[in-house]
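**Student:** As a plain string of letters, each chain reads:
Protein chains: 2
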Amino acid sequence: MSSGKILVAQGGGPTAVINQSLVGVVLEARRFGEVRRVYGARHGVRGIVDEDFVDLTQETSHNLELVGATPSSALGSTRDKPDRAYCHEIFKVLRAHEIEHFFYIGGNDSSDTVRIVSEEARAANYPLRAIHIPKTIDNDLVGSDHTPGFPSAARFVAQAFAGANLDNAALPGIYVGVVMGRHAGFLTAASALGKKFPEDGPHLIYLPERVFEIDRFIADVKATYDRLGRCVVAVSEGIHDAAGVPMLARLAKDLERDAHGNVQLSGSGALADLLCEEIKQKLKIKRVRGDTFGYLQRSFIGCVSDVDAREAREVGEKAVQFALWGDRDGSVAIQRTGFYSADYALLPLEAVAGRTRTMEDALIAPSGTDVTDAFRMYLRPLLGSGMPDAYRLRGAVVPKIGR
Amino acid sequence: MSSGKILVAQGGGPTAVINQSLVGVVLEARRFGEVRRVYGARHGVRGIVDEDFVDLTQETSHNLELVGATPSSALGSTRDKPDRAYCHEIFKVLRAHEIEHFFYIGGNDSSDTVRIVSEEARAANYPLRAIHIPKTIDNDLVGSDHTPGFPSAARFVAQAFAGANLDNAALPGIYVGVVMGRHAGFLTAASALGKKFPEDGPHLIYLPERVFEIDRFIADVKATYDRLGRCVVAVSEGIHDAAGVPMLARLAKDLERDAHGNVQLSGSGALADLLCEEIKQKLKIKRVRGDTFGYLQRSFIGCVSDVDAREAREVGEKAVQFALWGDRDGSVAIQRTGFYSADYALLPLEAVAGRTRTMEDALIAPSGTDVTDAFRMYLRPLLGSGMPDAYRLRGAVVPKIGR
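As you go down the protein sequences, you meet chains W and Y in turn. Following the working numbering, the numbering of the first sequence begins with 2 at its first residue and continues without gaps. Following the working numbering, the numbering of the second sequence begins with 2 at its first residue and continues without gaps.
Derived by calculation from the structure, the hints in this document are not laboratory data. Don't take every hint at face value.
Lysine to aspartate or glutamate pairs mimicking DMTMM-like chemistry, simulated, CA-CA at most 25 Å apart [unchecked claim]:
no.	chain 1	residue 1	chain 2	residue 2
1	Y	LYS285	W	ASP81
2	Y	LYS287	W	ASP84
3	Y	LYS82	Y	GLU120
4	W	LYS401	Y	ASP56
5	Y	LYS197	Y	ASP390
6	W	LYS401	Y	GLU99
7	Y	LYS93	Y	ASP56
8	Y	LYS401	W	ASP51
9	W	LYS287	Y	ASP81
10	W	LYS401	Y	ASP51
11	Y	LYS283	Y	ASP221
12	W	LYS285	Y	ASP81
13	Y	LYS401	W	ASP53
14	Y	LYS285	Y	ASP216
15	W	LYS287	Y	ASP390
16	W	LYS197	Y	GLU66
17	Y	LYS285	Y	ASP201
18	W	LYS401	Y	GLU35
19	W	LYS287	W	GLU351
20	W	LYS401	Y	GLU52
21	W	LYS287	Y	ASP84
22	Y	LYS287	W	ASP51
23	Y	LYS401	W	GLU35
24	W	LYS82	W	GLU351
25	Y	LYS401	W	GLU52
26	W	LYS197	Y	ASP328
27	Y	LYS401	Y	ASP390
28	W	LYS401	Y	ASP53
Based on the sequences and whatever the hints tell you, model everything.
**Tutor:** Have a look at this one:
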């Protein structure tokens, strides 16, 4: 290691624990005598091209610990997706600083960024070690048991539905909660962990892994409403028809797309409102309410899984070890080793980059509107300790005498 | 007290701590030897007319404690507003059970219900003691320093904006968060408590206490965006034009009204979407996101102010003491006696019922889009202990050498 400088950056959507990974990199790197400086690029790869660096070596350990416990990306993020020309701009800067270690904390798109940068470095004969550190609330990285950030977002969703169910039981009607997740339904499925008693909601869960049919949806809601006098529904923002067209795209006039070509699904309450309108019109039910969890579910301060926080820290630490003790680029993955225990591996970037994991069939109930116990067993330990619990009155009935 | 039976019920929108008041009534009533049975009416006054009672005397103390810590109304709620005929139906049932003590936990509308029932009882010469126990996330009861349920909802809003600000700082753009509150802006104003550093959001706060002008709004957003490259906005669902017409009413086709004649403002993302669309069109800013906090802010499980929980319990306890040791009907009010300390008083029902408190001028900044330090001093102690805090990197800049 010539210069003793390493570089870390954060890309894509923030999570509640992404700074744990950043802090894991910085503190672990300090243990290596050959690391003299740890630089952070502001706003992801964009900050490399702009040469917008901060010297994280000057941060106190105590402040780093506090930043680690703070949600969202402390270095800032970006949605930029580098092409070859962009990568050459990156190299110019890395070369000037003699930076030979690059750590990028991000999801699907960011892992693809690391892959491109790694390949371009090899093609340019630049001695770069590039490591992808996983992070995404979508839980859609191939090769990982789960991804840091998902458990805390899942905890938010489970707690939100536990509360929404209680609210809906007090003032009965239909409640539709729309959850993030373009292709993978893991986060929407987490709503099932908010359920305790058999009559609790969510009574219906709609995932992007299954085709969404509006008539079937209305019939499902009606059946639950007829049985219980109320219905709580969890819906993924990514639900789509048999042709793969998102339900939201059917009604939105101007579709916003990001640099990766994805239609913008979040940041609007349109899908919930559309579904509520359908229910009102078709079923003539008066009290129909829709909430879109939006950005609350990924950045709410004060709803973190301790298991998630620990693992997010550890993937950062392991990334530094893989980089400085190892001899290849790659993507850090979490592998489950017990109930509950995890270990970390370095996967080839090609095995992860640009691929999308969706929910396995064994996790989805045959009805298509519920999860299996396998999913509950999978998710429960990730939610961490101190999950709030709902209790109810046992309700001894008083005999009627008044009328 | 002839029969030794007392009756308690819950009305209006649920809160995170309304069951603390219920449990306060039940456990305190058990200390009075003359109370033999504590009945709960399911779904508010509707449950009295339907004679749908549960015997809370049979609940274990331990289960009551657990229910107390569970959000939403454990007995169920209602939006029914009794008229004279409805009250006569109530009396028929109360008479049959020889119930002479009625405790109703609720907000504005519920206090009016208690007033009507109290007056009708007097007119019918029925010896009823009727006590209103306060609860509302809107904080809009006249005569109270604040209302149980508000502090926990305020804590949710503050935590949500603390997180939304961090998210918006990482991926800059415009963020609009819509908060509940028809006439009173207290809950929207609570967003200011999520702010720590001077550049943090919310940068603009729109309250129903001030006239909302869309052109002024766009200009405010533009000024902040020009200065910081981003803007976080808190908006009350109750914002209205100079004529008092809600902004939402200007765009909604079918206005839903409840039994109290109120236009339905919650349960739809329409207002946030409208405001975001205006910003996109007028300012040509690409990244504009809107969230509607909806039902999350009043029933989320696991976001409770310990101060709120304690006071909600105490208003229930005090209600029983006022009823059994006192000689008049009334509404229990929280009065501030220190920084921070509170005591309880019994106000005449006429002083509270049907009236609406809004934010005092001293709490709103002259700009009309921020709160004053007086508001921060007012709210901070109510949010309770263990508020999560946001930290940031100090960010020592690395000199540019690469280009």
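**Student:** It remains to establish, for every hint, whether it holds in the given structure.
**Tutor:** Here's how the hints hold up against the structure:
1. Between Y/LYS285 and W/ASP81 the CA atoms are separated by roughly 20 Å; this keeps the pair inside 25 Å, and the hint holds.
2. Between the alpha carbons of Y/LYS287 and W/ASP84 the distance comes to roughly 22 Å, so the proposed pair stays at or under 25 Å and holds.
3. Only pairs whose Cα atoms come within 25 Å are accepted, and Y/LYS82 paired with Y/GLU120 is accepted, the gap being roughly 14 Å.
4. Restraint check for W/LYS401 and Y/ASP56: satisfied, since their Cα atoms lie roughly 12 Å apart, inside the 25 Å limit.
5. Taking the CA atoms of Y/LYS197 and Y/ASP390, the gap is near 8 Å; set against the 25 Å cutoff, the hint holds.
6. Restraint check: the Cα-Cα separation between W/LYS401 and Y/GLU99 comes to about 13 Å, which is no more than 25 Å; the hinted pair holds.
7. For the hint linking Y/LYS93 to Y/ASP56, the alpha-carbon distance of about 19 Å falls within 25 Å, and the restraint holds.
8. Restraint check for Y/LYS401 and W/ASP51: the C-alpha separation of about 9 Å stays at or below 25 Å, so the hint holds.
9. A distance of roughly 14 Å separates the Cα atoms of W/LYS287 and Y/ASP81; the hinted pair therefore holds under the 25 Å criterion.
10. Annotation: proposed proximity of W/LYS401 to Y/ASP51 holds, straight-line Cα distance about 9 Å (limit 25 Å).
11. At roughly 12 Å between alpha-carbon atoms, Y/LYS283 and Y/ASP221 fall within 25 Å of each other, so this suggested pair holds.
12. A C-alpha spacing of about 20 Å is found between W/LYS285 and Y/ASP81, which places the hinted pair at or below 25 Å, so the restraint holds.
13. In summary, the hint linking Y/LYS401 to W/ASP53 is supported, as the alpha carbons are separated by about 8 Å, within the 25 Å threshold.
14. With a C-alpha separation of about 15 Å, the suggested pairing of Y/LYS285 with Y/ASP216 holds against the 25 Å cut-off.
15. For the proposed pair W/LYS287 and Y/ASP390, the alpha carbon gap of about 41 Å is over 25 Å, so the pair is violated.
16. The suggested pairing of W/LYS197 with Y/GLU66 holds, with an alpha-carbon distance near 18 Å, which does not exceed 25 Å.
17. A threshold of 25 Å between alpha carbons decides the hint, and for Y/LYS285 with Y/ASP201 the separation of about 23 Å falls inside it, so the pair holds.
18. Note on W/LYS401 and Y/GLU35: the hinted pairing holds, with a Cα-Cα distance of about 23 Å set against a maximum of 25 Å.
19. Taking the CA atoms of W/LYS287 and W/GLU351, the gap is about 52 Å. The hint is violated against a cut of 25 Å.
20. Distance restraint check for W/LYS401 and Y/GLU52: the Cα-Cα separation of roughly 6 Å lies within the 25 Å cut-off, and the hinted pair is therefore satisfied.
21. For the suggested pair W/LYS287 and Y/ASP84, the alpha carbons sit about 22 Å apart, so the restraint of at most 25 Å is met.
22. A C-alpha spacing of about 21 Å is found between Y/LYS287 and W/ASP51, which places the hinted pair at or below 25 Å, so the restraint holds.
23. For the hint pairing Y/LYS401 with W/GLU35, the CA-to-CA distance comes to about 23 Å; that is within 25 Å, so the pair holds.
24. A distance of roughly 16 Å separates the Cα atoms of W/LYS82 and W/GLU351; the hinted pair therefore holds under the 25 Å criterion.
25. A C-alpha spacing of about 6 Å is found between Y/LYS401 and W/GLU52, which places the hinted pair at or below 25 Å, so the restraint holds.
26. Distance check on the hinted pair: W/LYS197 and Y/ASP328 sit about 43 Å apart at the alpha-carbon level, beyond 25 Å; violated.
27. For the suggested pair Y/LYS401 and Y/ASP390, the alpha carbons sit about 33 Å apart, so the restraint of at most 25 Å is broken.
28. Distance hint between W/LYS401 and Y/ASP53 is fulfilled; the C-alpha atoms sit about 8 Å from each other, no more than 25 Å.
When each numbered hint is compared with the structure, violations occur for hints 15, 19, 26, 27.
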